[in-house]
Amino acid sequence: MDAPVLESLSFPASSDSSFPEDTQRSAGAVISQMAIPCMMCSEANFDLPSQEKELLQHLFANHKLVIADVNLIPDLKSYILYWKQRLKDENPEDFFSIIKTEKKDKNETKEEEYYLLSDTHPEDRQLRDFLQRRKLERVLGCQQREREDTQFSRGCLFCKQHFTGNRALLFDHMAEDHNFNIGQPDNLVFTNELLAKLDEKFNSLQCLYCEKTFRDRNTLKEHMRKKQHRKINPMNSEYDKFYVINYLEIGKNWEAIQSQKDVPEDTDDTDNTESEDEWSGWEEEAGCQAVCLYCEFTSSNAEKLRSHMSELHDFDLQEVKLRLALNFYQQVKLVNFIRRQVHLGICIGCQQKFTTKVELTDHMHLEVHTNKIPEQAVWDQPQYFFPTYENDNLLCQLDFEDDNSPEDENTLKRNPEVPVLAEDRVIPETILSEERLRKEIIMS
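Residue 351 in full-length UniProt numbering sits at position 351 of the sequence shown; the count goes up by one each step and never skips.
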């Protein structure tokens with residue numbers, strides 16, 4: 001049995017891990033400080049990403065191996081290290097596709113074989129998807145910290161006005177006062193780096209849109225005003241890293257994702273209804289922020305948070321509730337149990353303990369343990385009536401009433417709807433049954 005909950009925790013004002021500060025550095029941060037070996041041999045080491053080209057040339061020339069769509073791999077270091085460990089005791093041909101080619105050498109034709117490692121193999125596809133989800137989690141975590149950062153201090157790119165506190169104030173000022181709009185602050189990430197890049201271009205007297213260079217700052221400003229170049233070029237991939245939309249799917253930037261969106265048909269009641277997007281921002285600000293069970297993502301919109309946990313962590317609380325036929329109090333206990341285990345660094349699926357939260361979430365995603373709920377006796381205990389975090393607003397988003405929908409047969413069997421029928425009763429003798437007396441009472 002797990003150790004009892006002795007004290008209640010509290011989510012910090014700024015998003016950070018539940019683990020101690022010195023354990024928050026991710027495995028990727030450690031990997032980036034060292035050279036990694038070739039995945040097929042130990043004779044060569046490469047510093048990534050600066051030596052990515054040399055690594056790929058080495059794999060091709062020395063091992064006749066080609067990695068497909070290498071530019072779409074979110075974290076090439078982790079990818080190479082995973083396959084090096086995996087191929088240590090396995091036959092590479094179990095994972096690689098074999099490509100046969102013919103090479104003409106004078107009058108002789110030689111047949112050569114090359115290996116292709118691609119996402120057509122299920123394990124490679126799973127690895128790429130996992131690395132993409134992990135990268136998106138880290139981007140969202142960075143974005144959340146930027147939203148809540150109160151130490152921001154920077155001057156406007158166009159005037160001498162200085163802004164401190166929330167960086168959204170600076171972006172709103174540049175949009176309203178200088179007609180320079182680079183998007184909603186909530187859609188941006190790595191904003192300090194973005195502002196530094198824009199500032200560098202200004203100092204180099206370079207137009208932000210067409211990137212022409214001018215002789216002085218006044219000429220540059222006049223050019224940007226006349227040509228309506230007070231914006232960044234959306235076709236310039238240099239800025240893709242600063243927009244969250246470009247991290248949503250492997251190999252798809254904002255253009256590909258936008259092209260997939262269905263164009264709604266015109267309807268008669270268009271003017272009478274507000275779109276969901278128009279209200280989403282208001283809902284986000286109006287409600288209390290609830291924190292994801294497995295990462296630092298927060299939202300006051302219950303549906304947004306549920307969608308986030310379902311898409312990124314394969315955990316759907318509503319589906320778990322229906323599958324296990326949980327009542328409100330059991331939902332509370334389950335949420336508090338998961339919160340406690342994640343805080344302690346313990347996987348809910350296999351009870352393995354980890355030193356850092358990054359290691360824990362990486363393990364749970366790779367082993368698909370985020371939705372592996374243990375036996376009911378493990379978490380359905382009185383101690384989990386008490387919240388793990390005092391300000392856990394996720395508990396406020398739980399459904400209090402059971403949903404006895406037709407789709408949930410198990411719930412219907414356990415909670416049958418019994419109709420209430422009126423009972424026929426004999427009315428006792430009373431003087432009010434006399435017609436004459438009733439009339440006298442009414443007329444009086």
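Accuracy of the hints is not assured; some may be wrong.
As the list claims (entries may be wrong) - Dumping the calculated DMTMM-like pairs for lysine to aspartate or glutamate here, alpha-carbon to alpha-carbon at most 25 Å:
#, residue 1, residue 2
1, 104, 89
2, 226, 303
3, 135, 380
4, 226, 216
5, 84, 113
6, 304, 176
7, 84, 108
8, 110, 149
As the list claims (entries may be wrong) - Distance windows between CB atoms, simulated:
#, residue 1, residue 2, range
9, 218, 186, 32 to 42 Å
10, 240, 206, 41 to 51 Å
11, 187, 222, 22 to 32 Å
12, 114, 178, 20 to 30 Å
13, 122, 234, 29 to 39 Å
14, 374, 85, 50 to 60 Å
15, 50, 376, 30 to 40 Å
16, 50, 184, 55 to 65 Å
17, 343, 380, 30 to 40 Å
Read the hints as simulated data drawn from the structure, not as lab findings.
Where a beta carbon is used, it is the ideal one built from N, C-alpha and C, also for glycine.
Each hint, compared with the structure:
1. 104 / 89: violated, 35 Å
2. 226 / 303: Answer violated: residue 226 to residue 303 is near 44 Å, above 25 Å.
3. 135 / 380: Violated, at about 34 Å.
4. 226 / 216: With Cα atoms ~16 Å apart, residue 226 and residue 216 stay inside 25 Å; holds.
5. 84 / 113: Since the Cα atoms of residue 84 and residue 113 sit roughly 21 Å apart, the hinted pair holds (cutoff 25 Å).
6. 304 / 176: violated, 29 Å
7. 84 / 108: Cα-Cα ~36 Å, so violated.
8. 110 / 149: violated, 63 Å
9. 218 / 186: 32 to 42 Å: The hinted range 32 to 42 Å holds for residue 218 and residue 186, with Cβ atoms some 34 Å apart.
10. 240 / 206: 41 to 51 Å: violated, 19 Å
11. 187 / 222: 22 to 32 Å: holds, 30 Å
12. 114 / 178: 20 to 30 Å: violated, 55 Å
13. 122 / 234: 29 to 39 Å: holds, 36 Å
14. 374 / 85: 50 to 60 Å: violated, 29 Å
15. 50 / 376: 30 to 40 Å: Once the Cβ atoms are compared, 52 Å apart, the range 30 to 40 Å for residue 376 and residue 50 is violated.
16. 50 / 184: 55 to 65 Å: Violated - the Cβ-Cβ distance for residue 50 and residue 184, about 34 Å, lies outside 55 to 65 Å.
17. 343 / 380: 30 to 40 Å: Violated, since residue 343 and residue 380 (Cβ atoms, about 19 Å apart) do not stay within the stated range.
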